[in-house]
Amino acid sequence: TGGEARKALDFEGIIIQFEWAPKGYRFLFTGYPAEKKGKEKEYIYIKRLFYKMNGRGYIPQDKRIHLYIASIGRKPKKITEGEFDIRVAKWHPDGKSIGVITNINEDAEYVLRNFVYLVDINTGKMTPLTPEGKVIGDFTFSPDGKFMATLEVSGKRAPWANYDLILYDLKSGKRKNLLRKFDIDFGNALNSDVRGGRGGDYFFFGKRGIYFIAEYRGSTNIFLTDLKGNIYPLTEGNHAIEGFSLPRKENTLVYTKQDVLSPPEIYIKEKEEKKITSFNTRLIDTMPLGQPLHFNFTAGDGEIIDGWLLLPPDFNKNKKYPLILEIHGGPHTSYGNSFMFEFHYLASLGYIVAFTNPRGSSGYGSIFKKRIHKNWGDRDFKDIMEAIEFITSHYKFVDNERLGVTGGSYGGYMTNWIITHTDIFKAAVTQRSLSNHLSFAGTCDFGYYFAKFEFQKFPFDAPNFLLKNSPLMYVRNVTTPLLIIHSSEDHRTPLEQAEQLYTALKSLKKDVEMVIFKGENHDLSRSGKPHNRVERLKFISGWFEKYMK
199 TGGEARKALD FEGIIIQFEW APKGYRFLFT GYPAEKKGKE KEYIYIKRLF
249 YKMNGRGYIP QDKRIHLYIA SIGRKPKKIT EGEFDIRVAK WHPDGKSIGV
299 ITNINEDAEY VLRNFVYLVD INTGKMTPLT PEGKVIGDFT FSPDGKFMAT
349 LEVSGKRAPW ANYDLILYDL KSGKRKNLLR KFDIDFGNAL NSDVRGGRGG
399 DYFFFGKRGI YFIAEYRGST NIFLTDLKGN IYPLTEGNHA IEGFSLPRKE
449 NTLVYTKQDV LSPPEIYIKE KEEKKITSFN TRLIDTMPLG QPLHFNFTAG
499 DGEIIDGWLL LPPDFNKNKK YPLILEIHGG PHTSYGNSFM FEFHYLASLG
549 YIVAFTNPRG SSGYGSIFKK RIHKNWGDRD FKDIMEAIEF ITSHYKFVDN
599 ERLGVTGGSY GGYMTNWIIT HTDIFKAAVT QRSLSNHLSF AGTCDFGYYF
649 AKFEFQKFPF DAPNFLLKNS PLMYVRNVTT PLLIIHSSED HRTPLEQAEQ
699 LYTALKSLKK DVEMVIFKGE NHDLSRSGKP HNRVERLKFI SGWFEKYMK
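Residue numbering for the sequence shown is 199 to 747, as defined by the numbering used here.
Bear in mind the hints are in silico, worked out from the structure with no lab data behind them.
Treat the numbers as computed from the prediction; the structure is a model and nothing was measured.
Don't be surprised by glycine CBs; every beta carbon is placed ideally from N, CA and C.
Pair ranges (Cβ atoms, derived):
| id | residue 1 | residue 2 | range |
| --- | --- | --- | --- |
| 1 | Glu-240 | Gly-548 | 48 to 56 Å |
| 2 | His-729 | Lys-518 | 31 to 39 Å |
| 3 | Gly-271 | Arg-446 | 23 to 31 Å |
| 4 | Thr-620 | Pro-291 | 51 to 59 Å |
| 5 | Tyr-256 | Glu-304 | 20 to 28 Å |
| 6 | Gly-253 | Pro-511 | 28 to 36 Å |
| 7 | Leu-247 | Glu-202 | 40 to 48 Å |
| 8 | Ser-591 | Ala-206 | 56 to 64 Å |
Whenever a hint applies, use it, and build me the whole structure from the sequences.
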């Protein structure tokens with residue numbers, strides 16, 4: 199009947215990335231082979247700085263992520279060898295070589311710098327295309343193979359700073375910062391719990407120029423820049439576009455899109471936009487949806503802060519409703535015009551759900567992000583508390599005596615910080631949280647890099663500084679009933695962060711309980727087992743029901 203899947207590859211191991219060749223008869227992939235059956239060891243021998251990763255667990259120390267090519271039904275051919283990992287791989291238009299992001303230097307695991315190399319698929323020879331190491335997020339070749347564009351952090355800026363779009367002439371080696379006068383948040387860092395991981399490609403070199411997705415104040419759209427640095431918007435609106443593709447003629451855009459009231463669907467746009475899938479229609483038709491209300495306010499230092507309220511489906515402006523404040527993770531991500539099932543679920547139970555983008559959030563430029571650099575719990579905390587003050591003073595339908603707070607990852611950190619520094623919330627749920635910066639730097643999967651670049655302090659050099667920024671040090675102040683939710687296989691904010699907080703509060707006879715999801719990791723809320731995601735929502739709603747209804 200057509201459309202049936204067939205097996206393309208036999209490979210016992212982990213596959214990280216996959217891409218068809220320009221002519222489509224073969225493909226590349228990156229990954230590493232599994233241990234041979236019967237030879238699995240009952241111990242882990244560790245010798246590298248980077249030895250574990252959320253979602254993958256402990257990384258085999260003798261396995262590196264390398265580049266392979268294969269044809270359907272054929273044995274794959276390994277292209278690269280050595281003590282380095284391939285981060286990103288893309289075909290060059292000539293079909294004879296592949297571009298990769300990696301760092302083959304001996305100090306690679308101590309830095310975040312990478313290079314783009316061109317790999318000859320016949321010989322494995324690697325030719326550097328970028329002259330010096332940079333924090334490189336992505337790259338793309340022009341259709342004729344003469345140019346390459348990269349997203350990279352230039353100069354001595356922090357790794358979380360917004361990327362520059364650099365154009366390389368591959369023949370002359372000359373480079374040009376195409377969008378020097380702009381401060382652009384490339385990609386889509388808007389939170390959503392109806393997708394796991396990145397939503398698709400967001401950076402593409404076409405005949406007309408370079409296409410990209412960028413985020414601005416709670417929305418993402420597709421843009422085109424020509425090689426002179428002129429930017430043209432190709433989509434507009436309050437929504438989240440996550441990934442896109444183009445046919446060869448570049449007269450049509452195909453993309454996935456969602457908004458506050460609609461989960462992701464596929465759209466096509468020529469002159470007008472047309473929705474071509476309805477995977478979630480049945481869900482939306484039967485699910486009681488909250489109604490979004492956007493607001494903004496001027497923070498104490500003059501910055502404009504965006505926020506949203508999700509009102510209950512049967513909202514009555516003459517009634518008083520309890521409010522739950524949701525705080526996003528990152529911290530360099532954002533909330534906005536994307537679908538959050540969790541928010542609609544809580545709204546359907548009669549809560550108003552509030553969510554904001556305090557300092558540190560993406561979509562507002564590098565300076566906005568930088569404001570919390572080396573200083574969590576200061577301006578970000580003030581932005582959040584000023585948001586609550588604005589909401590409770592401007593919206594009479596909010597019951598000021600029934601306020602709750604929750605968040606995950608950095609949002610969990612901020613939940614912990616809030617309840618150790620104020621008592622205005624009746625209940626709190628902290629999820630996959632950070633409570634102790636001192637231990638976090640040594641147990642998080644990227645703790646070394648976090649300490650080096652986010653706080654620029656190592657535990658053995660500045661223990662007092664890190665403890666000063668740790669909610670754990672202020673647990674005696676807690677009066678808010680707290681539910682701690684964590685996962686046993688969380689390597690991003692390890693379980694010990696939850697255990698330290700729980701033990702400290704319990705020893706002080708505070709009102710605290712903890713739920714540990716066995717076998718889940720940091721991504722439980724968006725890509726965990728469905729039944730565990732349901733149980734998680736039940737625990738959250740049950741805690742707020744107990745103290746706020």
